[in-house]
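J.: The lines below spell out each chain.
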Amino acid sequence: MLGRGLKRKLSDYEENMAGLSSAFDSSRNLPYPLKRQLVLNMCLTKLQTYKMLVEPNLHRSVLIANTVRQIQEEMRQESSQQPINVCPGITPSSHSYTGMESSGISLQLPSGISQQESNYDQPKQDLKGAECVFGSFEISNSTSYLKDLAIDDIFEDIDTSMYDSDFCCPPLMPPRPPSLICRTDLSELDHIMEILVGS
Amino acid sequence: MQDVLWCFSQVKGTIDIGVTEADIISTVEFNHTGELLATGDKGGRVVIFQREQESKNQPHRRGEYNVYSTFQSHEPEFDYLKSLEIEEKINKIRWLPQQNAAYFLLSTNDKTVKLWKVSERDKRPEGYNLKDEDGRLRDPSMITMLRVPVLRPMDLMVEATPRRVFANAHTYHINSISVNSDYETYMSADDLRINLWNFEITNQSFNIVDIKPANMEELTEVITAAEFHPHHCNTFVYSSSKGTIRLCDMRTSALCDRHAKFFEEPEDPSNRSFFSEIISSISDVKFSHSGRYIMTRDYLTVKVWDLNMENRPIETYQVHDYLRSKLCSLYENDCIFDKFECVWNGSDSVIMTGSYNNFFRMFDRNTKRDVTLEASRENSKPRAILKPRKVCVGGKRRKDEISVDSLDFSKKILHTAWHPSENIIAVAATNNLYIFQDKVN
Numbered sequence: 001m002l003g004r005g006l007k008r009k010l011s012d013y014e015e016n017m018a019g020l021s022s023a024f025d026s027s028r029n030l031p032y033p034l035k036r037q038l039v040l041n042m043c044l045t046k047l048q049t050y051k052m053l054v055e056p057n058l059h060r061s062v063l064i065a066n067t068v069r070q071i072q073e074e075m076r077q078e079s080s081q082q083p084i085n086v087c088p089g090i091t092p093s094s095h096s097y098t099g100m101e102s103s104g105i106s107l108q109l110p111s112g113i114s115q116q117e118s119n120y121d122q123p124k125q126d127l128k129g130a131e132c133v134f135g136s137f138e139i140s141n142s143t144s145y146l147k148d149l150a151i152d153d154i155f156e157d158i159d160t161s162m163y164d165s166d167f168c169c170p171p172l173m174p175p176r177p178p179s180l181i182c183r184t185d186l187s188e189l190d191h192i193m194e195i196l197v198g199s
Numbered sequence: 001m002q003d004v005l006w007c008f009s010q011v012k013g014t015i016d017i018g019v020t021e022a023d024i025i026s027t028v029e030f031n032h033t034g035e036l037l038a039t040g041d042k043g044g045r046v047v048i049f050q051r052e053q054e055s056k057n058q059p060h061r062r063g064e065y066n067v068y069s070t071f072q073s074h075e076p077e078f079d080y081l082k083s084l085e086i087e088e089k090i091n092k093i094r095w096l097p098q099q100n101a102a103y104f105l106l107s108t109n110d111k112t113v114k115l116w117k118v119s120e121r122d123k124r125p126e127g128y129n130l131k132d133e134d135g136r137l138r139d140p141s142m143i144t145m146l147r148v149p150v151l152r153p154m155d156l157m158v159e160a161t162p163r164r165v166f167a168n169a170h171t172y173h174i175n176s177i178s179v180n181s182d183y184e185t186y187m188s189a190d191d192l193r194i195n196l197w198n199f200e201i202t203n204q205s206f207n208i209v210d211i212k213p214a215n216m217e218e219l220t221e222v223i224t225a226a227e228f229h230p231h232h233c234n235t236f237v238y239s240s241s242k243g244t245i246r247l248c249d250m251r252t253s254a255l256c257d258r259h260a261k262f263f264e265e266p267e268d269p270s271n272r273s274f275f276s277e278i279i280s281s282i283s284d285v286k287f288s289h290s291g292r293y294i295m296t297r298d299y300l301t302v303k304v305w306d307l308n309m310e311n312r313p314i315e316t317y318q319v320h321d322y323l324r325s326k327l328c329s330l331y332e333n334d335c336i337f338d339k340f341e342c343v344w345n346g347s348d349s350v351i352m353t354g355s356y357n358n359f360f361r362m363f364d365r366n367t368k369r370d371v372t373l374e375a376s377r378e379n380s381k382p383r384a385i386l387k388p389r390k391v392c393v394g395g396k397r398r399k400d401e402i403s404v405d406s407l408d409f410s411k412k413i414l415h416t417a418w419h420p421s422e423n424i425i426a427v428a429a430t431n432n433l434y435i436f437q438d439k440v441n
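Protein chains in written order, with full-length UniProt numbering: chain P, 1 to 199; chain G, 1 to 441.
These aren't lab readings, by the way, just hints derived from the structure by calculation. Where hints are given, some of them may not hold.
[What the hints assert, rightly or not] Keeping only pairs whose Cα atoms sit at most 25 Å apart, straight-line, the calculated DMTMM-like set for lysine to aspartate or glutamate is: (1) P:K51 to G:E85; (2) G:K117 to G:D139; (3) G:K286 to G:D306; (4) P:K51 to G:E218; (5) P:K51 to G:D334; (6) G:K12 to G:E87; (7) G:K399 to G:E422; (8) P:K51 to G:E277; (9) P:K51 to G:E221; (10) P:K35 to G:D268; (11) G:K82 to G:D110; (12) G:K368 to G:D400; (13) P:K51 to G:E87; (14) P:K35 to G:D334; (15) G:K242 to P:E74; (16) P:K35 to G:D110; (17) P:K51 to G:D338; (18) P:K35 to G:D405; (19) P:K35 to G:E85; (20) P:K35 to G:E277; (21) G:K42 to G:D23; (22) P:K51 to G:D79; (23) G:K411 to G:E401; (24) G:K114 to G:E87; (25) G:K390 to P:D25; (26) P:K51 to G:E217; (27) G:K368 to G:D321; (28) G:K117 to G:E200.
[Unchecked claim] Each pair of labels, with its calculated beta carbon distance range: (29) P:E15 to G:T14: 24 to 34 Å; (30) G:E77 to P:T49: 20 to 30 Å; (31) G:E267 to P:S26: 19 to 29 Å.
Beta carbons are placed, not taken as given, at the ideal position from N, Cα and C, and that holds for glycine.
I would like the entire structure built from these sequences, with the hints used as guidance.
T.: Shown next as structure tokens:
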């Protein structure tokens with residue numbers, strides 16, 4: 001269902017990401033927060049890509065979501081000076097990453113996410129199976145740090161107009177429960193399947 | 001193992017530059033005697049090779065493997081309810097021990113397990129009374145004599161017939177199947193559940209492990225591999241995406257939610273990175289033939305665990321540690337999710353696993369020596385001894401070494417197999433199957 005124009009832009013994006021990731025690997029001087037941001041962006045991109053698939057790979061989705069959760073927990077601890085237990089079952093622990101440096105760089109990041117936050121209030125739909133990326137990263141509405149994420153930067157040149165009608169929310173969002181993004185009809189079919197197979 | 005010199009024996013598959021996706025080999029498995037070698041591919045086909053009888057005239061050929069049977073095991077399916085296609089790719093093949101003249105194997109794709117019977121026919125009956133050789137019925141009133149039909153030789157025909165189809169028991173993708181030592185049951189494992197089957201019963205299975213959370217949004221761990229103990233039919237292990245292994249005893253309860261043993265190594269804080277969890281995900285778990293050890297493969301290492309020690313492995317082998325500094329690039333191109341398998345040799349003294357650039361590695365547990373070999377057409381002269389390969393990590397690259405940046409990450413060896421008793425190995429490199437043997441003195 002991807003338009004031809006979208007595909008071209010994605011491959012440019014992929015080239016950029018390949019360059020960035022080899023910079024990550026080879027440079028010792030990249031500041032830790034920047035490295036962390038890069039990894040977070042890559043994770044979110046992958047998860048967004050999986051959401052476009054009818055049946056994303058559950059194993060990969062779990063691993064990537066766990067990585068996102070870890071990074072966000074660390075960022076949260078840094079910004080609030082106090083661990084917030086957002087995701088039940090996740091114990092905030094202090095990670096010591098190698099090469100961790102104090103964030104002397106203030107990231108200039110655009111906002112522009114606020115108008116989407118009203119969509120958080122939509123009721124969650126009961127989803128099962130691997131048809132949608134399960135929601136492993138729950139974010140409360142009050143996290144203002146979301147505005148600091150540079151997600152918009154990497155999605156700048158991606159045309160998302162075709163997503164607005166298909167999905168409940170455009171996919172340019174920071175992580176949120178997938179129930180808000182996945183197709184309603186698929187979730188209903190899921191529900192029917194659940195009843196049928198009695199799982 | 002340092003006395004073993006590995007030589008090229010055979011290679012199966014085409015040399016075409018453009019590889020058809022369907023021809024990519026997705027599983028390799030010797031049967032219990034090593035007489036048969038089965039491969040499954042992405043196109044849902046199974047090809048079985050049989051070792052020819054050794055002849056006194058050509059002792060150096062040491063029994064080559066030739067095609068014995070080829071059949072289409074799985075076809076692509078479309079799940080109309082979920083609007084998605086079910087791949088026909090064969091994820092795993094497991095042989096049953098031979099109990100009569102026929103051979104039996106299990107093959108599975110993402111959703112359905114099938115039991116196949118492979119049998120030979122080299123005789124056919126001739127001389128029926130009531131029908132002629134074409135099968136047309138004779139007029140009974142014209143028959144004046146009776147004769148006894150006799151079996152006459154015919155050209156050998158190998159038939160593969162599906163004897164059982166075990167379907168509709170897995171919501172998630174099947175990653176493992178394992179035949180129990182009782183030869184009456186087997187298990188199939190998907191991302192979240194493990195089911196126990198009886199070979200004779202296809203319309204029901206017992207669910208013995210279920211790690212699906214009530215709320216899928218709380219999911220943080222999936223099952224990655226599972227295997228029965230080779231001798232104790234009540235014991236099995238399963239590995240997870242968090243680098244842990246659980247050993248379960250089916251005698252304790254019907255649903256093995258509580259493990260009998262839990263194997264996990266504490267994380268090394270000096271190696272911590274953003275990708276630590278991803279590279280700790282176990283891609284394969286195998287019991288030793290003795291049943292005393294289990295071997296696990298994660299992205300960078302192979303570990304051997306003693307069943308009696310849960311808090312750390314007894315041996316850790318670095319497969320390609322030079323990739324540790326490339327993890328971000330490997331994450332970006334998804335190579336970090338590649339699932340490498342690992343195998344024991346017949347005496348549990350050597351372990352083998354694959355890597356990139358068509359390299360594969362062997363570790364001798366006794367001598368602690370290891371070797372890197374390559375499966376390539378360049379080294380494919382008959383009985384040519386394989387030359388050890390070396391990856392140059394930094395600094396000056398020697399003549400025969402290859403630098404990390406020159407490695408071809410599209411050439412990955414995920415599937416290998418070791419003959420149960422001899423030094424014969426089968427290595428799957430994309431669409432080619434390489435067979436190597438040790439040098440005959």
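J.: Work down the list of hints and note, for each, if the structure agrees.
T.: Taking the hints in turn, this is what the structure says about them:
Distance hint between K51 of chain P and E85 of chain G is fulfilled; the C-alpha atoms sit about 16 Å from each other, no more than 25 Å. For the proposed pair K117 of chain G and D139 of chain G, the alpha carbon gap of about 37 Å is over 25 Å, so the pair is violated. Taking the CA atoms of K286 of chain G and D306 of chain G, the gap is near 12 Å; set against the 25 Å cutoff, the hint holds. Between K51 of chain P and E218 of chain G the alpha-carbon distance is near 18 Å, which keeps this suggested pair within the 25 Å criterion.
Proximity of K51 of chain P to D334 of chain G is assessed by CA-CA distance (about 16 Å); at most 25 Å being required, the pair is judged to hold. The straight-line distance between the Cα atoms of K12 of chain G and E87 of chain G is roughly 24 Å, inside the 25 Å bound, and the hint therefore holds. Proposed proximity of K399 of chain G and E422 of chain G is contradicted: the alpha carbons are some 34 Å apart, above 25 Å. Taking the CA atoms of K51 of chain P and E277 of chain G, the gap is near 22 Å; set against the 25 Å cutoff, the hint holds.
Our distance criterion of 25 Å between C-alpha atoms is met by K51 of chain P and E221 of chain G, whose separation comes to about 19 Å. Proximity of K35 of chain P to D268 of chain G is assessed by CA-CA distance (about 21 Å); at most 25 Å being required, the pair is judged to hold. Between K82 of chain G and D110 of chain G, the direct Cα distance comes to roughly 15 Å. Compliance with the 25 Å bound is thereby established for this hinted pair. For the hint linking K368 of chain G to D400 of chain G, the alpha-carbon distance of about 23 Å falls within 25 Å, and the restraint holds.
For the given pair, K51 of chain P sits about 19 Å from E87 of chain G by alpha-carbon distance, which is consistent with the 25 Å threshold. Using a Cα cut-off of 25 Å, the hinted pair K35 of chain P and D334 of chain G holds, with the two alpha carbons roughly 18 Å apart. A hinted pair counts as satisfied when its Cα atoms are at most 25 Å apart, and K242 of chain G with E74 of chain P qualifies at roughly 19 Å. In summary, the hint linking K35 of chain P to D110 of chain G is not supported, as the alpha carbons are separated by about 36 Å, beyond the 25 Å threshold.
Of the supplied pair hints, the one linking K51 of chain P and D338 of chain G holds, its CA atoms being roughly 21 Å apart against a limit of 25 Å. Distance check on the hinted pair: K35 of chain P and D405 of chain G sit about 21 Å apart at the alpha-carbon level, within 25 Å; holds. Among the hinted pairs, K35 of chain P with E85 of chain G is inconsistent with the structure: their alpha-carbon atoms are about 37 Å apart, more than 25 Å. Only pairs whose Cα atoms come within 25 Å are accepted, and K35 of chain P paired with E277 of chain G is accepted, the gap being roughly 17 Å.
Distance check on the hinted pair: K42 of chain G and D23 of chain G sit about 6 Å apart at the alpha-carbon level, within 25 Å; holds. Restraint check: the Cα-Cα separation between K51 of chain P and D79 of chain G comes to about 19 Å, which is no more than 25 Å; the hinted pair holds. For the suggested pair K411 of chain G and E401 of chain G, the alpha carbons sit about 17 Å apart, so the restraint of at most 25 Å is met. Distance check on the hinted pair: K114 of chain G and E87 of chain G sit about 15 Å apart at the alpha-carbon level, within 25 Å; holds.
Pair hint K390 of chain G plus D25 of chain P holds up; C-alpha atoms about 22 Å apart against a cutoff of 25 Å. At most 25 Å may separate the alpha-carbon atoms for a hinted pair to count; K51 of chain P and E217 of chain G meet this at roughly 15 Å. Straight-line distance between C-alpha atoms of K368 of chain G and D321 of chain G comes to about 17 Å, which keeps the hinted pair within the 25 Å bound. About 14 Å separates the Cα atoms of K117 of chain G and E200 of chain G, which keeps this hinted pair within 25 Å; it holds.
At about 32 Å, the beta-carbon gap between E15 of chain P and T14 of chain G stays in the expected band of 24 to 34 Å. Distance hint for E77 of chain G and T49 of chain P: a CB-CB separation of about 25 Å, consistent with the stated range 20 to 30 Å. The beta-carbon spacing between E267 of chain G and S26 of chain P, approximately 25 Å, falls within the hinted interval of 19 to 29 Å.
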